[in-house]
Amino acid sequence: MTFTRRDRDRRLTVRLLVVATGLVLAGCSYRGTSTELYQPSPTLAVADDRGETIYRRDCAWCHGSEGGGTARGPSVIEGLNGPASIDFYVSTGRMPLNDPSEPAEPSGPSYTPSEIRDIVRYTTTLGAAGPEIPEVHPEEGAIGLGAELYQENCAACHSTTAVGGVLAAESDALARSRIAPGLQEVGSRQITEAMLIGPGTMPVFGAESFDEEDYNSIVAYVEYLQDPDDNGGAPLGHTGPVTEGAVGWIVGLGATLFLIRWIGTRVGEE
Amino acid sequence: MLKKVARWIDNRLGTSAFTQDALNKVFPDHWSFMVGEIALYAFVVLIVTGIFLSFFFDASTSQSVYDGSYAPLVGVEVSDAYKSTLEISLDVRAGLVMRQTHHWAALVFVAAIVVHLCRIFFTGAFRSPRELNWIIGITLLILAIFNGFTGYSLPDDLLSGTGLRIAYSIALSVPLLGTWMGFLIFGGEFPADQIISRLLVTHIMIVPALIIGLLTAHLALLWRQKHTQFPEPGRTEHNVVGSKLWPTYAAKSLGLFFGVFAILVLMGGLFQINPIWLYGPFEPQQVSSPAQPDWYLGWVDGALRLFPAVELRAFGFEIPNPFYPGVLLPGVTFLALYAWPFLEQAFTHDREPHNLLDRPRDRPMRTALGATTLAFYTVMFIASSSDLIAKWFTVSVLDLVRVFQVLVILIPPAVGWATYRLMKALAGSGAPRLTEMPLSALTHPNGRGNGAFPHQERGRDAHAGGATAGDDGDGRSAARTGGDGALPAQRIDDRE
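Protein chains in written order, with this note's numbering: chain H, 1 to 270; chain R, 1 to 496.
There could be a bad hint or two in this list.
[Stated by the list, open to error] Derived, one-sided and incomplete: chain R residues facing chain H with beta-carbon distance under 10 Å:
hint	residue
1	I142
2	L143
3	W277
[To be verified] Covered stretches of chain R, as calculated for chain H (at least 3 residues, CB under 8 Å):
hint	stretch
4	31-38
5	396-407
[Stated by the list, open to error] In silico negatives: residues of chain H with every beta carbon more than 10 Å from chain R:
hint	residue
6	T53
7	L80
8	P96
9	P100
10	E140
11	T265
If you're looking for bench data, these hints aren't it; they were derived computationally from the structure.
No residue lacks a Cβ here, since even glycine has one placed at the ideal position from N, Cα and C.
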């Protein structure tokens, strides 16, 4: 069998392709191992208590089996941590994180309400003694008082219309400390818990700031802002003069300019 | 009977000759000449809706407990100004659509003035003999912006209070006079009780009266000096080609009026603007967030955000920081605008009267300077929403401000340079308009003579032309139909 030059070239190409594919695959698997997270097998952590089971399986590898924290996550038993904070972090979907370097952002909760209750109960046995899960009755609050308190204490960060805002933080700060999230989706219990524990860069609004009526009123007003009296047409995102200016130029002036172009002529046109 | 009355009036006042003249007056048909009319009609809408609002607005800052129909504020202390605005918005029949139409009309009013200004600038319509009307126009722009701001401040809600607080700190920053000026304008230390009633008088009497007076002068001068027009075959320095006021142009203009009215009222009905019930009443210890002014002051807000936090001393005085972006920048801006026709005359030594317009490409340097300036203000304008942009893109707002501080210096010259190249290329290519310019013209900006559009070269100095009309003997202008086209033309008597 004789090889032509072309055959040799082709074989070389094939070999190069094989090597390259191998390299790519190796790279992928390398990436895979580096981000593949340590997840203790559930069977190791079986316990009578469902809360304990979940905690050992989903939380302990970052927060430590005694809750005292690891290099991957802070302590969940010190400071203000307690039923309210565990409930807040888990029920807003901030926890469990998949990756310690990810920001803890609100998303859908990963557990059912009864599972969350069990996790809370279990972490209390570890010694988390912060605020209890609050009882919230927005219908007992005075929405006018809530409006005043909200404007005074919360609007500067979360925006007057609760669509969220930015905080002046450097870029190397955690992503979540740069943004005060919009409060459009959050439930009444979580609103109160947020005030009690002050997640992230949010200040704590504890018993020394507000009484029961204040909490109920603020929650009532935030819930109102989630679906306000939207008189006057499309709300344009409730962001104020910026979107209004854009609509004024694009829709308003745009339509009138279109009109004059229509009734007018241009050079060379009669 | 009607005829008799008309004759009776005419015998005493001699109005028919004037009316005849007026009805025959010729208006150019180019669409861009109607931008100013948009502003005019938006102003009419502002007056009509404004009168309606003034029936219900109460400019007092005396406080009382709200017990109206808006449940979330029941039991809250509010000022009468805020309360009456709430009532207009939620209780007065058609109140909200009037209020919103008024606000949208204000945004479109200033926007149309700015576009009109650009049209005048880029076509050189401000040149002799129209410098005076340019000055009046700039004054109208300032008054429009000022009246917009006073109106934005009237409802006494949290957002407008935040705006007033910024205005107060800008007033205070003026060296020597600042404190005195702040007290004089506000009638005391911020938030002074009298400010809303003072704003109201300014907003509904003083400034509108000035605007009406200047607008009349603006139009009278336009009437007297007659329109400019684009250079085209048949259009010369001495005629105006277009439609006669009666019936063609009157019909167009009336149609435009109804159109502008309809668009603004539709916006007032379809898009929410400034929902002050959500913003809540003004409280001295609170600020709203995000807090932006209406768009026409966005550039000042942007400048306040971008100006570095330095305290400079001048003439032995400590000059507070807001002075530079808040007072000096607008001052220089408007001074430069006022001075532009004279600056240009000084540079080009061209003091001749001009009735034929420049196309932007005919004066690439002017066009490039204008584009540079627009880019500068646009970057500052965008920087005014830095907080919203930072949120939308989840970047650090401090970083973003730094980026804008660089962009505001880099972008304008880049835009100016690109515009200059583009205008040169366009002029060189001889293409009738930008969209028809071959791309190759960009790489050979001076490559005339591809010969594709030879007729364009004629336009600028076309003197002959069939549409020119003659003098009818008594020195008054007469409109006639030109020889080759159906276009009526009017002789310009600007040197009588």
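Earlier hints that do not hold, by number
1, 2, 11
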